[in-house]
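Model the placement of chain B on the given structure of chain A, informed by the hints.
Heads up: the protein sequence lines correspond to chains A and B, in order.
Under the working numbering, the very last position in the first sequence is 537; numbers go up by exactly one each time.
Under the working numbering, the very last position in the second sequence is 403; numbers go up by exactly one each time.
Derived by calculation from the structure, the hints in this document are not laboratory data.
The hints are all genuine.
Below, in silico cross-link-like pairs of lysine to any residue (SDA-like), each with a Cα-Cα straight-line distance of 25 Å or less:
#	chain 1	residue 1	chain 2	residue 2
1	A	Lys218	A	Arg182
2	A	Lys350	B	Arg280
3	A	Lys350	B	Gln271
4	A	Lys350	B	Asp234
5	A	Lys201	B	Leu62
6	A	Lys296	B	Pro45
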Amino acid sequence: MVSRKQLILILAVAPVFAQPRFYEDDPLAREPVPHTVKEVAIRKIDDLYSFLENSYVTPRREGREARRSPRRALDVNTLGEVPDNAWYTNRHAFRRLSIAELERGPGNSTPPSPGDSWRIVGAKTDGVTPGFIIEDRNGSRYMLKLDPPQHPELCSAADVIGSKFFYALGYNTPENYVVFFRRENLIIPAGVEYRDPEGRKRPLTEHVLSELLSGQRKSANGMYRAAASRWIGGEVVGPFSYRGVRTDDPNDTVPHEDRRMLRGLAVFSAWLNHHDSRSINTMDALVEEGGRRYLKHYLLDFGSILGSAGYAPKEPWIGHRYVIDQVGTAKGLMTLGFIPPRWARADYPKLMGVGLFDSRSFEPLSWKSFYPNPAFLMMDDADAFWAAKQVAAFTEDEIRAIVRTGKYSDPRAEAWIADCLIERRKKLIDAWFARVLPLDRFRLEGGRLAFDDLGVRYGVTEARDYRVEWSVFDNSRQERIPITGASGLALPLPPAGTQYLAATISCRVGSREACPGALTVYLRRANSRIELVGIDR
Amino acid sequence: MTRCKLAAAMGCILAIGAARAQLRSDLIESERAEKETRLKPETQPQAERRLVWAENSLVVRLLSGDVNGFGVSVGPIAAGNGFALGPLYRRRDLLDGRLTFSVAARASTNQSYLGRVDVGLPSLLGGRVFADFSAVHRNISEMAYYGPGADSEKTGRSNYRMEDTNLELRPGIRPFRGLRVGAIGSYLMVNVGPGHASRYISSEQQFGPAVAPGIDKQANFLRGGGFVEFDWRDRTSNPTSGGRYSAQYVRFLDRDSTNSSFFRLDLAAAQHVSLFNRTRVFTVRGASSLTNTRSSQRVPFYLQPTLGGSDSLRGYRPWRFYGANSVLVTAEHRWQLSPILDLVAFTDAGKVFDRWSQWNLHSLESDVGFGFRLRYRTHTLFTFDTGFSHEGFQLWFRANNLY
Numbered sequence: 001m002v003s004r005k006q007l008i009l010i011l012a013v014a015p016v017f018a019q020p021r022f023y024e025d026d027p028l029a030r031e032p033v034p035h036t037v038k039e040v041a042i043r044k045i046d047d048l049y050s051f052l053e054n055s056y057v058t059p060r061r062e063g064r065e066a067r068r069s070p071r072r073a074l075d076v077n078t079l080g081e082v083p084d085n086a087w088y089t090n091r092h093a094f095r096r097l098s099i100a101e102l103e104r105g106p107g108n109s110t111p112p113s114p115g116d117s118w119r120i121v122g123a124k125t126d127g128v129t130p131g132f133i134i135e136d137r138n139g140s141r142y143m144l145k146l147d148p149p150q151h152p153e154l155c156s157a158a159d160v161i162g163s164k165f166f167y168a169l170g171y172n173t174p175e176n177y178v179v180f181f182r183r184e185n186l187i188i189p190a191g192v193e194y195r196d197p198e199g200r201k202r203p204l205t206e207h208v209l210s211e212l213l214s215g216q217r218k219s220a221n222g223m224y225r226a227a228a229s230r231w232i233g234g235e236v237v238g239p240f241s242y243r244g245v246r247t248d249d250p251n252d253t254v255p256h257e258d259r260r261m262l263r264g265l266a267v268f269s270a271w272l273n274h275h276d277s278r279s280i281n282t283m284d285a286l287v288e289e290g291g292r293r294y295l296k297h298y299l300l301d302f303g304s305i306l307g308s309a310g311y312a313p314k315e316p317w318i319g320h321r322y323v324i325d326q327v328g329t330a331k332g333l334m335t336l337g338f339i340p341p342r343w344a345r346a347d348y349p350k351l352m353g354v355g356l357f358d359s360r361s362f363e364p365l366s367w368k369s370f371y372p373n374p375a376f377l378m379m380d381d382a383d384a385f386w387a388a389k390q391v392a393a394f395t396e397d398e399i400r401a402i403v404r405t406g407k408y409s410d411p412r413a414e415a416w417i418a419d420c421l422i423e424r425r426k427k428l429i430d431a432w433f434a435r436v437l438p439l440d441r442f443r444l445e446g447g448r449l450a451f452d453d454l455g456v457r458y459g460v461t462e463a464r465d466y467r468v469e470w471s472v473f474d475n476s477r478q479e480r481i482p483i484t485g486a487s488g489l490a491l492p493l494p495p496a497g498t499q500y501l502a503a504t505i506s507c508r509v510g511s512r513e514a515c516p517g518a519l520t521v522y523l524r525r526a527n528s529r530i531e532l533v534g535i536d537r
Numbered sequence: 001m002t003r004c005k006l007a008a009a010m011g012c013i014l015a016i017g018a019a020r021a022q023l024r025s026d027l028i029e030s031e032r033a034e035k036e037t038r039l040k041p042e043t044q045p046q047a048e049r050r051l052v053w054a055e056n057s058l059v060v061r062l063l064s065g066d067v068n069g070f071g072v073s074v075g076p077i078a079a080g081n082g083f084a085l086g087p088l089y090r091r092r093d094l095l096d097g098r099l100t101f102s103v104a105a106r107a108s109t110n111q112s113y114l115g116r117v118d119v120g121l122p123s124l125l126g127g128r129v130f131a132d133f134s135a136v137h138r139n140i141s142e143m144a145y146y147g148p149g150a151d152s153e154k155t156g157r158s159n160y161r162m163e164d165t166n167l168e169l170r171p172g173i174r175p176f177r178g179l180r181v182g183a184i185g186s187y188l189m190v191n192v193g194p195g196h197a198s199r200y201i202s203s204e205q206q207f208g209p210a211v212a213p214g215i216d217k218q219a220n221f222l223r224g225g226g227f228v229e230f231d232w233r234d235r236t237s238n239p240t241s242g243g244r245y246s247a248q249y250v251r252f253l254d255r256d257s258t259n260s261s262f263f264r265l266d267l268a269a270a271q272h273v274s275l276f277n278r279t280r281v282f283t284v285r286g287a288s289s290l291t292n293t294r295s296s297q298r299v300p301f302y303l304q305p306t307l308g309g310s311d312s313l314r315g316y317r318p319w320r321f322y323g324a325n326s327v328l329v330t331a332e333h334r335w336q337l338s339p340i341l342d343l344v345a346f347t348d349a350g351k352v353f354d355r356w357s358q359w360n361l362h363s364l365e366s367d368v369g370f371g372f373r374l375r376y377r378t379h380t381l382f383t384f385d386t387g388f389s390h391e392g393f394q395l396w397f398r399a400n401n402l403y
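In isolation and in its complexed conformation, chain A is listed as follows (with noise of 0.2 Å):
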């Protein structure tokens, strides 16, 4: 397609425009606004074509990939964060919500008006768990999900909770609400159809709706509860993949599995036992803001995290295996299952809305999705890093109020939530802390470099020395060179004209060498003013 001569140019001028290694913005904290997307298709993804992939190719793909050839994510700017972006917004463990916003989360201002009567304009059934499409007097829309009849407040309690977390950590979430109401405030206009447990379409009718309630665990003045998670704005367009990019939007420029965002959702879904973080529970949305129409992404339907598997208690092995797990099948027929695993002999407590979570069973460093999912795949320690390092920032106070937003009739299942949430953090940050040196927070104090270590700082480690070797960063060329006799933590004095400076920085524990690895910081000089650029984990 290109000649040879036009090959032979671009390969002559390019040295010419060689990259440096940071420019006059880095570090980008928002990414420039979106391209106007002029038409996108709608995209369906076959959820039986997802589980057969995802279970037998992508290990082969992405999983073979991580571990044989590694690549750093690509939607981070130079420090190794998220630029906020369409996917993405920085928040809690940045600028810190109070405790009201993080209970607020998405939204929290518009509910379906209660008291009101909902109209029903659609309706489905997951087998076990039905939900309507209703619109408020507002002419708002929600999805009505409705608990498995047999374990109330197990899905409705979880979506919500799930929503304030995810969108604490940066997500677009849609604003999820615990409701309750009466039969009476439910409409059905003439022509509404559902899908029955068999996948065929049927009218909806009173009948059928009070069918669909008469599982439903009543309060004592007799009004059902539900989750209302509001229509998401914009036109949908279907799922994103956690694999490649979408072809036609022009601001997807980065492979999903690169994503940094989507890697660390790995970590994040194992702290909440989102199992089933998976495409199915996406959704690209057309948008318009500023005058520009782009797509925004978001994270949908939180019913199946903590103990919930969204249409009863999760079963025990969630978490913990694959669906499709050859490995474990094969040790399990050798012992004839006289080894019980670990997760097989955990204590679950019998408390209406838990099912099965707890955090003595949890090991975070092999939590695992519903089946594989190539984002997981690929994360490393850096993305693991940045994501463990969100879920630290929460204080239990914050994962307290935000639990109690799952409205459980039994303050003991919000406790025993709450602890696990706390107990499985801890173990999330003692894992992810001790694979890489966990500092952050890198700031200038009195001509001093200074930083927090993370790891000191959550009881990871103990105490320790550091090591700095200094170096002249050349931007241009990428290249440092070493500044004889700088070391510690003090800035050096340059050679005259120098722009950047670089910091290596390795640690000891005691006089164990302990630490995982070196990280290196990059320092600018800008209008007589030096600025933290960059970070290499």
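Relative to the frame of chain A, chain B by itself:
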């Protein structure tokens, strides 16, 4: 071709532009601009398209009964009678979901036939009352018969054709969750003839009416009785806890003066106990079928309790033992080998016997075996069992769970 060249050249220019960038934002912008030149509609991969096509194909939709109620009915007509399939029409949305209706026909590879119509009122008076009506006609070409009692020989296998038509009504109530109590009323017409399998002798040539009552002359029956069932299993498919206990009493009144009136009592109890967060399940099951007649009457051999097959003695052939009464005990240990596969070890023991005084657990025929259960979520999709007994081994395949 020209467009390709243009796009490539544009890409090169943009790449140079990117190299000139002074800002990271410019770099991102140029990547976007470059992509803008090669946008194309989002499409599914070919393999996914093919799978979706297959999922939506008429064959798959018929198998799942999703073509306006039409579908394919698959399943054995009777054990040992080959693979059977046929058309099915099923509706569950009649009278606003208050009435269910299905009509199905099946033919098997060994010329057995089944036709049935089912009408159900599953949830009357707020779910407390139900009523089921069924009309079933079966023409089973190769029913095995080894002779009466526990002493029958495996080598004595014969076969007969059984043709029966049963019109049955089962109304009942659900006083509380898990309990069902109901009545049974039916009219049963039976005809027995020479078996279809040429490799076995036909039963009427091997056994006379003294040994096999009713082999020479069959009767029609009025059946009446009742049943009670309590089911507190945690789930109906692949249960891990709870139990199911049932008793059914039916009186068979001979309408053709063949001295074949009797009553039959069927008792069954299954209990499930789980360990290690329901990853190990122990199941014990006991079942007994008892019949009795007045002195001048006899239970026709084709309506006697039987043992042997996928749901009783799994190490024996189907219909291996016929007798006036039967007792069966089964123990099963099931453990999760993987999220979708359970491994099972089981043992069955049972016997048929003539008199109620022989109702005990002595002189039982027994077997051991192992099997697999393929599951999806909490549902058993398929079961494979292999049973071993002193008469050899048997392989069983079922599309649901046993208990």
